[in-house]
Amino acid sequence: MLNYIIRRMFYAIPILIGVNLITFTLFFVVNTPDDMARMQLGIKRVTPEAITKWKQDRGYDKPLVFNSAEKGVRRFIHTIFFEKSAAMFAFNFGRADDGRDIAHEIKTRMLPSLAIALPVFLLGLVAYITFALVMVFFRATYIDFWGVVLCVALMSISSLFYIIGGQFLISKLWHLVPISGFGGGLDAGKFLVLPVIIGVISGAGTSTRWYRTIFLEEMGKDYVRTARAKGLPESIVLFKHVLRNAMVPILTGAVSVIPLLFLGSLIAESFFGIPGLGSYTIDAINSQDFAVVRAMVFLGSFLYIIGLILTDISYTLVDPRIRLE
Amino acid sequence: MKVLFKYLPALFVTLLSACGSESWNNPYPATDVDRNILYGAFAERPKHLDPVQSYSSNEIMFTAQVYEPPLQYHYLKRPYTLVPLTATKMPVVQYLDKKGRHLPDGVDIEKIAYTIYEISIKPGIRYQPHPAFARDERGKFLYHDLNAKDLAEVYKLNDFLHTDTRELTAKDYVFEIKRLAHPRLHSPIFSLMSDYIVGLKEYSTTLKTAAREQSKKQGKGAYLDLNNYALQGAQVVDSYTYRIKIKGKYPQFMYWLAMPFFAPIPWEAERFYTQQGLAEKNITLDWYPVGTGPYMLTENNPNLVMILEKNPNFHGETYPAEGMIEDVKVGLLADAGKPLPFINKIMFYRDKESIPRWNKFLQGYYDSSGIGSDSFDQAIQITGQGEATVTEEMKAQGIRLETAVATSTYYMGFNMLDPIVGGFSESARKLRQAISIAVDYEEYVSIFANGRGVPAQGPIAPGISGHRYGKEGINTIVYDWENGKPRRKPIETARALLAEAGYPNGIDNKTSAPLVLYFDVTARGAEDKSKLDWMRKQFQKLNIQLVVRSTDYNRFQDKIRKGNAQIFEWGWNADYPDPENFLFLLHGPQRKVGNNGENAANYDNPEYNDLFEQMKNIEDSPERQRIIDRMVNILRQDAPWLWGYHPKDYGLYHAWYKNVKPSRMSHNNMKYHRIDADLRGQKRHNWNEPVLWPIAACLIVLLVGLVPAVVAYRRKERGAGIENLRVLGKNA
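Top to bottom, those sequences are chains A and B. Be aware that the first sequence starts at 1, since it is given in the numbering used here, and climbs by one per residue. Be aware that the second sequence starts at 1, since it is given in the numbering used here, and climbs by one per residue.
No wet-lab data here; the hints were simulated from the structure. There's no promise every hint is true.
Unchecked claim - Here are a few chain B residues that sit away from chain A, every Cβ distance over 10 Å (derived from the structure):
no., residue
1, P29
2, L192
3, S239
4, F253
5, A279
6, W287
7, L304
8, L362
9, G384
10, G386
11, Y479
12, D552
13, I695
What the hints assert, rightly or not - SDA-like mimics (lysine to any residue), calculated; alpha carbons at most 25 Å apart, straight line:
no., chain 1, residue 1, chain 2, residue 2
14, A, K107, B, Q276
15, B, K249, B, G681
16, A, K53, B, K281
17, B, K220, A, M88
18, A, K53, B, K89
19, A, K190, B, D32
20, B, K592, A, M88
21, A, K44, B, G681
22, B, K208, A, K230
23, B, K89, B, D238
24, A, K172, B, K89
25, A, K44, B, F519
26, A, K230, B, Q590
27, A, K53, B, D32
28, B, K149, A, D101
29, A, K44, B, T205
30, A, K190, B, I420
31, B, K220, A, K230
32, A, K172, B, G681
33, A, K44, B, V691
34, B, K216, A, L41
35, B, K281, A, I77
Note that CB positions come from ideal geometry on N, CA and C, so glycine has one too.
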């Protein structure tokens with residue numbers, strides 16, 4: 001297994017370079033270094049000298065990917081792409097365009113993101129699987145029918161509506177929790193209730209239907225018929241046999257997103273005033289801060305690769321037939 | 001299930017008992033309930049808090065409370081009036097000729113080669129407590145030679161255990177002026193100031209060379225001691241007096257002395273923050289300001305909250321005893337003579353979205369709020385006389401509205417380099433005049449700004465000297481004066497002008513083709529579609545086809561810089577309350593194309609340029625007003641802009657928020673504001689009692705839903721097949 005993991009890590013390098021190159025290309029097609037300088041320096045009283053100085057200070061005065069003024073390998077090394085990308089592979093994200101340390105920001109913002117994403121993930125997983133199993137248990141009854149109707153209804157509503165509606169009902173009308181904000185320590189609890197509830201509800205429709213489909217597929221298999229023929233109660237069939245055998249597709253969806261939980265949610269964090277990495281990324285995109293955008297895309301890609309490796313490993317835990325070689 | 005039924009009443013009682021004390025939706029710690037704290041929100045994190053670099057309105061709301069330039073604007077007087085802040089009196093202004101000889105006041109401007117501003121500051125002013133000043137018993141600075149080990153446990157400024165202060169001196173003001181030219185800093189006003197402050201441009205070169213030499217010896221980022229390099233245009237006279245020498249005469253310079261660019265910076269702070277390892281921890285002057293003002297920034301977490309607390313070393317100031325007549329009526333002079341500041345702590349929370357911000361204001365958790373377009377109808381109603389007031393709902397909450405016309409202008413510009421709409425030919429001029437009449441800005445303000453604006457008669461905003469009110473202030477190209485107010489000329493007048501321009505009924509005489517004009521805008525969302533449709537309709541009145549060329553912000557800026565736009569929208573917020581700060585936007589040498597200035601329309605009229613040169617160098621006087629009138633008249637005739645409108649600021653304030661007078665020029669106003677924390681606590685409690693029936697209802701629905709499910713489950717588990725098997729088993 002170790003060999004497999006090492007091999008997968010090596011495969012990650014070209015993927016990360018590719019992602020980095022695509023991010024770089026897309027970003028600089030839209031924003032030139034001059035545009036970035038103007039965005040940072042403001043629109044009043046910005047002189048060409050100030051723009052030149054801003055670029056020099058941050059290393060954006062070099063050619064993008066090919067430096068014809070240099071010789072040999074330096075033609076590629078003395079470029080914005082190489083200089084800005086190479087350090088990231090050592091997880092040195094450098095400084096944002098406003099001069100602030102990106103690694104420090106990521107460290108401080110990761111926990112607030114996780115404070116919402118983790119409960120939403122865990123509670124959601126339990127709730128969706130339970131709800132799906134209940135529907136499967138009562139399949140072809142009114143519970144199953146109305147359960148599916150509810151899921152379709154939940155899927156059809158925009159996540160923004162859940163946020164605004166939840167804030168309106170729970171915070172504004174009923175005054176039960178703060179409408180937005182964040183606090184440290186135990187104080188964080190009251191701020192997390194609403195985003196977590198909304199996070200769980202907004203994902204319920206899609207996930208429950210997905211799990212229901214998986215379980216129904218399993219229900220049609222021979223081993224289920226055998227279990228029933230042996231006289232096992234339906235709850236045992238479902239929770240012991242079906243659930244265990246459905247773990248591979250469940251893990252495929254669930255484990256791969258675990259590392260991405262650190263990155264937070266782009267919209268929810270903005271609306272709930274959570275100082276996480278999701279709102280950090282949105283801010284960076286709005287202010288054309290390439291250093292931050294690049295770092296977040298790199299981190300996202302890296303964590304996604306880690307997630308996929310973890311998924312592969314988890315397969316071996318739930319299905320003894322799978323071996324990683 | 002039994003357990004649930006057993007504990008449900010207990011849970012319900014607990015919830016009910018909890019509602020009697022603290023509001024559940026209070027986002028602040030319970031211990032802060034009745035404390036003298038002001039709560040506000042900010043949407044965008046400040047980029048710079050270093051006074052030499054900071055230039056945005058979302059930054060100055062923090063820096064202006066911390067830093068004290070020598071002058072400030074009088075809080076209550078209008079028009080805006082400069083008064084001393086740390087200065088003992090207004091600067092003494094002396095004029096010199098080329099040989100350095102003193103010239104009398106009122107001397108011919110041609111003879112003035114230099115102007116000297118001599119500023120004396122009050123003794124005894126002390127800085128806020130800061131680790132940069134901390135010394136050991138032997139007088140050695142504690143934190144000026146930090147190494148990696150010292151910084152191992154330091155993550156923010158408060159992690160330095162010792163702080164100290166020292167007296168403010170004239171040297172600190174000179175130090176800050178020198179910092180305008182610092183090679184490692186970007187000051188947005190360096191370019192402008194180097195045209196005025198004697199030797200500043202050369203000083204920048206000197207510092208660059210010195211920094212380069214120093215980098216070779218000590219490594220990149222080493223402390224560059226500006227005290228070792230003299231600047232000719234800024235010199236210390238004694239501990240409490242300094243002089244600034246500028247080229248020629250520039251009366252507007254006085255206004256710059258009221259901005260944080262000219263606030264003092266102690267060299268110790270610069271020395272402290274330049275140390276290796278601190279920038280990596282975001283411990284910089286750009287993050288933690290050091291000032292003498294009424295407040296100091298004690299927490300800077302721009303992702304969540306920024307906290308200003310009363311500076312224990314504040315030198316003291318009293319609430320103004322003079323104001324306008326209307327200020328007396330609304331109680332703005334009730335606190336006259338009382339010591340400032342009134343509020344102990346100001347907490348700015350980051351709330352990026354307008355909906356939660358607005359709702360928190362309504363719940364009493366923010367003390368003031370702006371008004372977004374989506375909440376406008378809920379907040380504001382227009383009376384029969386056309387006056388904006390708060391709605392009954394807001395009145396019932398004790399919320400009041402404060403309005404002020406901003407010292408800003410939003411306009412639509414014509415690119416004067418364009419072959420169709422630009423230039424000074426009679427045809428182009430009449431075309432622009434016709435469009436100026438056709439685009440109905442009264443309607444625009446009414447529809448798209450909820451009435452929050454005053455259609456402009458020229459470039460100068462109301463409240464700025466040089467702006468004329470009433471009949472003599474109207475733009476006679478676009479308006480007639482009828483029944484005591486300006487009335488836009490009929491569209492027939494515009495059509496006649498269009499015909500005279502060579503486009504009768506929107507058809508080009510030369511080509512017989514319909515006239516097509518291009519409106520360059522930044523990429524818009526769906527919400528702006530109605531604005532663009534409206535604009536097309538305005539041009540359609542003249543049978544002109546308006547094509548909207550939408551692009552992203554960067555490309556739009558590029559078009560403007562290169563002069564490739566034809567018609568565009570732009571705006572300007574005044575730096576200081578002088579007509580020069582508006583009229584320079586159409587000064588030829590300030591053209592965007594070629595000169596990279598602020599004149600986006602590339603308007604270049606020699607007569608106007610000459611008048612501008614005369615006007616900018618003289619103080620407000622009837623003579624200056626005459627020149628301004630001539631300049632504005634030229635502009636109205638040439639019509640390089642559709643004058644657009646001057647926005648009106650609307651602010652809502654709770655009943656417990658006192659002493660608020662809106663001001664777009666002065667930003668250090670927090671010290672004048674007062675909070676009635678008891679009233680706020682009481683109102684918050686009344687407005688935010690938790691509503692518990694939804695929780696009970698949810699539990700009941702859950703239980704009611706569970707019962708048939710449980711029944712169905714049990715029935716299924718005891719299904720016929722299994723029962724049959726059991727029977728079979730028994731029989732066997």
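Verification of the hints:
no. : hint              : result
1   : P29               : violated, 7 Å
2   : L192              : violated, 6 Å
3   : S239              : holds, 33 Å
4   : F253              : holds, 15 Å
5   : A279              : violated, 7 Å
6   : W287              : violated, 8 Å
7   : L304              : violated, 4 Å
8   : L362              : violated, 8 Å
9   : G384              : holds, 32 Å
10  : G386              : holds, 32 Å
11  : Y479              : holds, 30 Å
12  : D552              : violated, 7 Å
13  : I695              : violated, 7 Å
14  : K107/A <-> Q276/B : holds, 21 Å
15  : K249/B <-> G681/B : violated, 54 Å
16  : K53/A <-> K281/B  : holds, 24 Å
17  : K220/B <-> M88/A  : holds, 22 Å
18  : K53/A <-> K89/B   : violated, 38 Å
19  : K190/A <-> D32/B  : holds, 16 Å
20  : K592/B <-> M88/A  : violated, 39 Å
21  : K44/A <-> G681/B  : violated, 42 Å
22  : K208/B <-> K230/A : violated, 88 Å
23  : K89/B <-> D238/B  : holds, 16 Å
24  : K172/A <-> K89/B  : violated, 51 Å
25  : K44/A <-> F519/B  : holds, 23 Å
26  : K230/A <-> Q590/B : violated, 91 Å
27  : K53/A <-> D32/B   : violated, 46 Å
28  : K149/B <-> D101/A : holds, 20 Å
29  : K44/A <-> T205/B  : holds, 24 Å
30  : K190/A <-> I420/B : violated, 62 Å
31  : K220/B <-> K230/A : violated, 79 Å
32  : K172/A <-> G681/B : holds, 18 Å
33  : K44/A <-> V691/B  : violated, 50 Å
34  : K216/B <-> L41/A  : violated, 28 Å
35  : K281/B <-> I77/A  : violated, 29 Å
Going through the hint list in order, the structure does not satisfy hints 1, 2, 5, 6, 7, 8, 12, 13, 15, 18, 20, 21, 22, 24, 26, 27, 30, 31, 33, 34 and 35.
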